[in-house]
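Asks: Chains E, X, S and B supply the protein sequences, listed in that same order. Residue 168, in the numbering used here, is where the first sequence stops; the numbers in between run on with no holes. Residue 1561, in the numbering used here, is where the second sequence stops; the numbers in between run on with no holes. Residue 2117, in the numbering used here, is where the third sequence stops; the numbers in between run on with no holes. Residue 3336, in the numbering used here, is where the fourth sequence stops; the numbers in between run on with no holes.
Accuracy of the hints is not assured; some may be wrong.
Some chain S residues near chain E, calculated using beta-carbon distances under 7 Å [to be verified]: (1) Pro2030; (2) Lys2037; (3) Tyr2041; (4) Gly2044; (5) Glu2072; (6) Arg2086.
Not the full set, but computed from the structure, chain X residues with beta-carbon under 10 Å of chain S [stated by the list, open to error]: (7) Ile1166; (8) Ser1169; (9) Ser1200; (10) Leu1203; (11) Asn1206; (12) Met1207; (13) Pro1209; (14) Glu1227; (15) Glu1228; (16) Val1235.
FYI, nobody ran anything at the bench for these hints, they're computed from the structure. Think of the CB as a built atom: it goes at the ideal place given N, C-alpha and C, for glycine as much as any other residue.
This is what each chain is made of:
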Amino acid sequence: MALDKLTGENSTLFIRSEQLFDVARRKSLWYMAFGIACCAIEGLMHASGPRYDFDRMGVFFRASPRQADVMIVAGTVNWKMAATVKRLYDEMPEPKWVVAMGACACAGGPFREYPNVIMGVDKVVPVDVYIPGCPPRPESVQYGFITLMNKIQAQTEERLAAARHDGS
Amino acid sequence: MQQLDTTVARGVLERAGVTAAVETVEGLGAVCRVPAAQTRAALLALRDSDLGFGFLVDLFGVDTGETIDIVYNLRSLTRDEELLVKAEHGYDATLASVWDIFPAALMPERETCEMFGLLLSGHPNPKRLLTTDGSEPFLRKSLEVRTAEEVRDRASQHVDAGALDITASSLADASAPAAETVALPASLPRVPAGVDVEHSQNLVLNMGPQHPSTHGVLRIILELDGEEIVAGETVVGYLHRGIEKLAESRRFNAVGTLMDRGDYVAGIHGELAFALATEKIAGIEVPRRANWLRVLLGELNRISSHIVWYGPMGLDSGAMGQFLYTFRDREALLDILEEITGQRMMFNYVRPGGVVNDITTTAEAKIRAFLETYDVYLEENAELLMGNEIFQARTRGVGIFDRQTALAFGLTGPNLRASGVNWDIRRDRPYAAYDEFEFDVPVAEAGDIYARCQVRLEEMRQSARIVRQCLDGMPEGEHTAKVAKVLRPPAGEAYAAVESPRGELGVHLVTDGSDTPYRMRYRPPALYALQAGEAFLPGNLIADGVVLMGSVDLILGEVDR
Amino acid sequence: MLDRAIISAFVVLGTIFVVATLTASWLLSPKKPSPEKSETYECGVAPIGPPWVQFRAGYYVYALLFVIFDIETVFLYPWALVYGLRGWYVFFEMIVFVVILVAGLAYAWKEGALSWR
Amino acid sequence: MNPWAVAALRFLAALGLMLVNGVVMIYMLRKVLAKLHVRMGPMDNGPHGMFQTVFDVLKLLTKEDVTPRAVDKWLYFLAPVIVVVPSLMGYMVLPFSRTAVIADLPYGLLFFFAVMAVVPLGTLAAGWSSNNKWSLIGAMRIVGSQVTYEVPMLLAALSVVMMAGSMSLSDIVNAQSGVFLGFIPRWFVWNVPAFVLFFISGLIESGQTPFDMAEAESELVSGFATEYSSMKFGLLFLSEFSNTFLFSALLVTLFFGGWQIPWVPGDLVQPIAPFVFMIKTYIGIFFIMAIRGTMPRVRVDQMLALGWKFLLPVSLGWVMITGVLIKLGHVVVGSR
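All chains should be built: construct the whole structure from the sequences, respecting the hints.
Replies: Pasting the structure below:
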C-alpha cells in the first residue's frame, strides 16, 4: 500500500481505512476455480449449487488467479502438483488467503503413507484455514469461510490494539 | 460368457510359432503364459485369428517377487470369450510396446513401466505417465510405503515447492531394436506421439491443470494453428496418490475406502468391484437381499454420477443452467445415499460379503418421492440442453469415434455404446442381482458427442427404472453374509468387473493368504476414454476440444489413481 | 460549439476518470511484488514458447470482405436520410449499387471464401 | 452558462449513470441468474444482498495491481482507457426525454455506432498486450465478432432510419409516437426482421451468451481479461456492463419508442420520461440476462457463418424490401 508509505504504518488514517476495507474484503471473497480431487465436488460444485449457494455471502468463483482472493486447495497435493499450487498462489494478488479443504490438503489424509503424496499443503503454501473431513460437507466449508472472514477482521483489530498500546 | 477352449488357443499360438502354456484357472478363466520375447507375436496371432481377441481390456503388471508378470487381459466380443496373457519379465527388462496391435495399451504401458521400473521400446510417446523424474518404481514389492512413525512425524517432510522439477522424461530403451509396426485402425487420426514443444512454430498452449473445464487436474498441451488444434497431448498424474499400492497395506474391509476415492463420484461401483473379486477368491456366498441392495445403491449412484457429467457438459458448452438444475437433483439424491450409507460421497458401503447397513423405511419413501420429481426434472433437463439447436450444432458430427476405433482404444460403457457396440456388463456378465432385472441397454450408432449424451441420458432413465423394480421386489433376508472381521482369503487370483457409470471398472486381485491383498489392479475406464479423447483432439477448434474431453466423462481420480 | 465541448469533455474527463481510479487503487492497495508473481499465467505451469507468434485468424477472408461492406453500409446512410423525400429513382439508384455488392458476396460465397479455415 | 462548465456537468451525469448502472446491473445479473438457477444469489450483505456489488468494487479497489513482467506496458495501461471512454461517449446521444439528452447530435445514431466500434479495439489491446495465450485467443475472437456483427447491425438500423427519415435518436423516438388502428403503438418493433437482426447482432456486439466469445469462461479461462487484476479488471468489467446497457437502450430507442408510453400524449410523459426509458431498458437487460442463464455458446466459426451467410444477406434484402414498402405506401408501420 502506498498509503502506509505516505502516512506511516501505524497511523490512525491507515489503520482506520484498513478497517473499512477489511469489511469489503470479508464480504467479497472470490475463490479460484481450482478443484484438485474429490473435495472439489463438495467444496466447489455443491457449494455453488442450489442448496448451499455460497453466492449468498458474496463468495463467488473466478477462473483466473489474478482476480481471486482465496484459493481452496480441495484435494491431495502430490509432488507433481505442488509446483502448480505454489505457482498459482504466487500469481494471486495481495491480499490473499488459502483454505486447506479436507484431510488430504490438511495432512495427507488417507494417502499420507504413499511416498508420492505431500503430507499437507501447508508445506507448499501458507494456509489460513484448515477444514477437516473426508470430504468435508459443504456446511463445513461454509463454516471455514466464516472463520476466514473473522480472521481477516481480527488481523486489523489486533493492529489497531497494538497501535493504541504504542500510542498510550 | 463362454469358456474358452484352451486347445483352440494353443493351436492358434503354435501356428504363430509361440511356445505357450494355456490352462484354465479358477477365478480367471483361460490363462496363457508366453515368453516375454514372443508377446507381440502371440497377441498379434490372437487378435487376427478366428478367435478374434480384438479388445484389450487391461494391461498391468504384477511383481511376483522373482519376476514381473505383465498381464494382457483380452476379450473377444464376437465369441464372447476372455483370455489372460501373461509374460514374465526380469526386473531390468525392456517392455516391447504393443500399441500398434492394441492402441489401448498406449497409456497403461507407460504407467506399468514407470511403476515397475522397466524400460519401454517401440512406443510413440514413451514418457512417464503419472510420476516425475526421480520417482521410485512404487509398485515393486521391495518398496515400502511410509511407516506409521514417518507419518506421525509430519513435520520432518520438507518441500521446496519453488525448486520442484516436474519433467517426466522418456522411459525409452534406446538400445532396443525397433519392432515392425503392424497395421493400425484406418480411422486413427494420427500416431499419438505427443506435442513437440521444442520445435513447434505454432502456438503451444497449456490447458490445465488449473482450468475451468478440464474436470479436475488434467493438463492438455495443445499445439494450435490459430484456433485449430494441430496436436494434443494429455498430461496426467497430478492426482496420482497410489491407490493400488496402498491397497496392498490395507485389510480387505478397508480397501473400499480407497476404491471410493478412485472414482469419487461413483464410489459404490468401485467398492462393488473389489468386493466381488474378494468374494470370488474367498468363496463367500452373498445373500440375495444384499445383492439387491447393491443394485439399488449402484443405480442411485449411477444417476448421481451421470449428473456430474451432464451438468458440467452444459458448462463446457457454455450453458450455465444445466449445472445448477442437475445439482438440485443431486442434492436430493445425496440425501438418500447419506441416509442409507452415512456419507455423501465416500460410502464404504459395499464390503466383501454384503453391504454395511440395511435400507430404512424412511429412505425407501424418500427414494420414491425423489423418483416422482426426478422423472419430470430429467425430461425438462434433457429438453433444455439436448433440444437446444445451438447445442446440437455444437455436438452433432463432432468428435466421432467409429466402432473400430472405439474398440481399439479400449472404450467401455456409454462411450462404447454410443459408437454402436452393444455391450453392457450388467447384461452380458451379470453380477450382483442384475440378471433378475428388466432394463434396456441404450445404443447409438453415430459415435459423436451428441450420441454419447443420448446414451447417458437414456441410461439415467433406465437406472430409475431399475431402482423402481428394486423397491417393488426387494427380497427379505440378511443384508450381509457372516464374514470374519479380519478376512484372510486363500491365495488366489480373480478378476471382477462392474459396469460403472464410466464403463468397465475392473479389479484384478491377487492374494497370498494374508489379511491384505498382494496386488490390486484397478482397471480405470476413464483412462482408456482419455486416450481416445486425446487421439481425436487434432482437427477440432478449441471450443470443440473442450466439449470432446468433457463428453468422454473423465474423473481424474480414476485416471491417476 | 456545445456539442464539440461535450465531446472534448468526454474524451478528456473520461481519461482523467480512468487514471484517477487507477491512482486511487494504487494508493490504497498493498504491494508485495515478487518475480514469481509477475510470471505469465498459463493454468499454473510455466508457459511454453511466446504467445506473440504469427496467429492465424480463421476469419481472415471475412475481414477483407468486412471492410468493403462496412464502407458500403456507411454510404447507404445518407441515402436513407433522403429516401422518403425523393421519388422512385433513388430506389433504383441504390438497387444498382447494392446488387453489385450482393453479386460480389455471392461470388465470394461460391468460391468458398465464407468458410473458417 | 459557459459551455465548458455545461459539458463538464453533463459528463459527470453520464459518468454517474454509468457507475450506478454498473453496480446495479452486476447485482441484477447475480440475482437474475440465481433466480433462474433455483438459487438465492447474494443475500447476506445488505437487505437481499443489495450492497454486494459495492463491497466487490471496494475490494477490487484495494487489491494489489499485478503487472506481469511480459506485458506490453503502454497498451496494457491504455486498454482500460480505450474501453471506458467510448463506452461513456455512448451515453451522450441517448434521449432520456425530449430535453434530457446530453448532446442531441443530428447524426446521433452514426456517432453512437462510431464510438461503440472503438470498444473492441480496447479489448483487443487488452488481450494482445497481456502477452498471455488465453488473452490472445480472446482478443482475436473479439475482432472476429466485430467482423460479424457490425454490417448487419448497421443495416438493421438503416431500415429504421429509412422509416424515420433521420439519424437523430430524438427524431427516431418522435417518429414512433402515436398509435395506428386505434390501439397498436406506432413502434418500429413491428419492423420485425430489422428488430430480430438488430437483436442478434447486438448480442454479438455486447459479447453476451450465446456469443460470449471473448470471455468464454469454460474455454478461455477469463479470455482477454485473464491477466488483469484489481481495478483495471474492474474497469474492463464496468465497460462490458455499460455496453450491455447501451445496447439495450439503443434497442429501446430504435424499436420500442424510447421514453414514450403508448396511448399517452408525449407532453404528459415528459416528467417521468427518463424513468420510462430506464424501465424499458432494464426490461431489455433482463431478457439478455435470461438468455445468458440458459443458452449454450456457439462456436466461433459458427458465429461467423451465421453473420455472413444469414444476417448479412437477410439484412441487405430487408433494406431493399423496406424501401419498396415505403415507396408503395403499403407501409404497415410509421413512415412520415
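Asks: Look at each hint and say if it fits the structure.
Replies: Consistency of the hints with the structure:
| no. | hint | result |
| --- | --- | --- |
| 1 | Pro2030 | holds (5 Å) |
| 2 | Lys2037 | holds (5 Å) |
| 3 | Tyr2041 | holds (5 Å) |
| 4 | Gly2044 | holds (4 Å) |
| 5 | Glu2072 | violated (40 Å) |
| 6 | Arg2086 | violated (55 Å) |
| 7 | Ile1166 | holds (8 Å) |
| 8 | Ser1169 | violated (16 Å) |
| 9 | Ser1200 | holds (7 Å) |
| 10 | Leu1203 | holds (5 Å) |
| 11 | Asn1206 | holds (5 Å) |
| 12 | Met1207 | holds (6 Å) |
| 13 | Pro1209 | holds (5 Å) |
| 14 | Glu1227 | holds (6 Å) |
| 15 | Glu1228 | holds (7 Å) |
| 16 | Val1235 | holds (9 Å) |
Comparing the model with each numbered hint stated earlier shows that hints 5, 6, 8 do not hold.
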